[in-house]
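Numbers 705 to 803, taken from my numbering, label the letters of the sequence shown in order.
Each hint should be verified, as a subset may be incorrect.
[To be verified] Derived SDA-like pairs (lysine to any residue); straight-line CA-CA distance at most 20 Å: (1) K780 to I713; (2) K792 to V742; (3) K782 to F772; (4) K780 to Q751; (5) K792 to L738; (6) K729 to L771.
Note that these hints are calculated values from the structure, not bench results. All of these numbers come straight from a predicted model, not from anything done at the bench.
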Amino acid sequence: MSRGPRVYIVTYDICDPGRLRAVYKTMRGFGDHLQLSVFRCVLSERQLVRLRDRLERIIDPTEDQVLFVPLGPAHKRKAWGMFTLGLKLTHPERIVRIL
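Given these sequences and hints, build the entire structure.
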């Protein structure tokens, strides 16, 4: 039984510049870029599996880390809530790419 899309914060710490670029490009296809290595993603279970699979092929698990923070169901407004200190959170223009 599918539970519907969920909101995730995905952040990463990648040691190699080449892998870092590859992870960034992969993440651009799955979510909104919020900060240097931070994305907000709305993912179905299938999309989450696909994203994890792609990232596992890129990263070196002995040097790199990708952190997934589930915020809740996408249809619940609280899952989208965030606040900042300092600069305001901007909503980047979403570019749809068909691969």
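Handout entry: Unmet hints by their number, sorted upward, for this structure
Key = Violated: none.
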